[in-house]
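J.: Residue-level listing of the chains:
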Amino acid sequence: MVTVRRSTVIEAPIETLWRLLRDFNSHRDWHPAIAESAIEGGQAGDQVGAVRRFSLHDGGVLREQLLALSDQDHSLSYCILASPLPLIDYVAHLQLRPVTDGGATYCEWRSSFRTPPGQEHDLARLVGREIYEAGFAALRQRFAGAKPGRPRVVSEVAAPLPAPVTTGRAGLAGEAIVLSRLGGPEVLQPRAVEAPPPGPGEVRLRQHAVGINFIDVYCRTGYFPLLQPGEVPGVEAACEVVDVGPGVSGLSPGDRVAYACLPLGAYASVRTLPAELIVPLPDWLDARTAAACLLKGMTAEFLLHRVHPLQAGETLLVQAAAGGVGHLLCQWARAKGAQVIAAVGSPAKAGLARRSGASTVITGAEDLAEGVMAATEGRGADLVIDGIGGTNLARSFAALAMKGHIVSLGQASGPLEPYDVASLAAKSARLSRPNYAHYTSTAAEVGQMSANLFTALEKGHLKVHIGAEAPLAEAASLHRRLEARETQGCLVLVC
Amino acid sequence: MPRVYVSSVLPAAADQVWTVVRDFNGLPNWHPGIADSKIEEGRPADRVGVIRSFHTRDGGHIREKLLSLSDYDYACSYAILESPMGVENYVATLKVTPITDGNRAFIEWTADFDCPPERETELVQLIGQGVFQGGFDALKDRFKSG
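Residue numbers (the working numbering), protein chains in the order written: chain A, 1 to 495; chain B, 496 to 641.
Fair warning: there could be bad hints in the mix.
Said to hold, decoys possible - Pairs of lysine to any residue, SDA-like flavour, derived with a Cα cap of 25 Å:
| hint | chain 1 | residue 1 | chain 2 | residue 2 |
| --- | --- | --- | --- | --- |
| 1 | A | 336 | A | 379 |
| 2 | B | 639 | A | 144 |
| 3 | B | 590 | A | 100 |
| 4 | B | 590 | A | 93 |
To be clear, the hints were calculated from the coordinates, so they are not data collected in a lab.
Throw the hints in and build the complete structure from the sequences for me.
T.: Okay, structure coming up:
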């Protein structure tokens, strides 16, 4: 948990200052970062529970809710409901106190929140400086009676995005989904782009289908600091080679290929990128299926063969079992002779989990550990794959067998809570946190893993369920459905 | 129940101010109205529950009990056990808060007590201006010159 605290003294009587600050919507009148603000539903600015929706001069839109307001203590508290920055569980307090000796006012602004790992310092500094210190400076200036505050620049139109980067040589025209800023699905906007001719070691692709992954959501919201406004998200696509740059061997124009790797930029109909991690597609595998399953299938491959070489007779618990990775894990584990227990969020998803080979399906309403223990004669699962995140590791641990192995794969429901490693001793448990990029960093690894995936598909051990597809331009709608937990299997954008 | 609240801004960092005022036996070192002080039974001054016994410069004898001491919040509370002021149920809190904008500290001194209604104005004035603000003025001078 990060805490930020700033305080100052403002040369105004507390009642004067409080008259201004107690209106939850007044920040548009005094805070220099705010462009526009309104209370939703036309409620009053001193209505506890009111939600203010406001935009910053840099274009970001936030929603904050008034949690408490006290005319007695001259204090108010609020939380962030939506923000382009990953300030998680953010609650802030603004507190005024009279300085009886002189008639000024002591002001304190503090908050606590969580951030994605590694961003604590930067976000704490940003909040402290850009919000609290900047706000205090504006208030001091306002009440010093000196110059009026910085004029408000009201921008009705979002700043134009930078023009596509071209090399000056013949670019291949196409369309891409560009991030207008960090935020919700609505920030994904279609735009015309050009793919430059391939440089040394590069290949230029016309893309036919693009896979959607949860990492795309983390990039869009800023949870992973990999994507900047103006850039294109996405890590997975199936394509046809247009031309190849100098030094590229094994790929020719017209080849059907796919990739599931960084750099980001897959949400596009044309693209130029390094050739190293691109794999040729077998003739029998169509582009939609390939784009749907390459990343998720290779993930299942390394989880069940490299992170935990699953043995026949072992019991595997797959959570989010009706998801893209989940339904492939179930099928592959079943084919390897393991007993598969699936956990799904709702009864509607149980069918896919069962068709994928789960002998037991536990739905969200049921007790996970109880269900797993009942299905394993009280032993628990030897391997638990937890893509839920948040506080779910405790549930996973309860369902684990002695000397079992938990693999934490993602955080679909929220950032991971800190975990007490000493508690693993209660079951002599192992805990892994594999990173896809580390298992797929060389052409040799990707070649081997994709070959294993294609073999499993060809033999019929794996059947890819495409739960939803949409034209590339409608990427936002699929993100919305993915985050609403409405979808099953894999999601594909078609170019 | 009357309440006295007095606050000020001191030209020193909060931890410097706290170092001075946290000493429950240290009033004579910084408060101009206090002549001497000792902790009863020779106990440490930062042991919660101890009693300080001191004299004001005009000769009054006061005994006060330390109710709470927080090096985390930079705050202490105490109750009057005996005094010539004629107050009942007197509990006071002294608290120092950092001002992050500059090398300054916000200091607050609060007291709640009972007294006969006709003495309320006089006592609020005595405690608020004489005792609390008098102490703050001395601290301001101390840190300004130091």
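J.: Look at each hint and say if it fits the structure.
T.: Here is how each hint holds up against the structure:
1. 336(A) to 379(A): holds (20 Å)
2. 639(B) to 144(A): Status holds; Cα separation ~24 Å.
3. 590(B) to 100(A): Given that 25 Å is the threshold and the Cα spacing comes to 14 Å, the pair holds.
4. 590(B) to 93(A): Holds - the C-alpha atoms of residue 93(A) and residue 590(B) are around 19 Å apart, at most 25 Å.
Of the hints listed earlier, there is not a single one the structure fails to meet.
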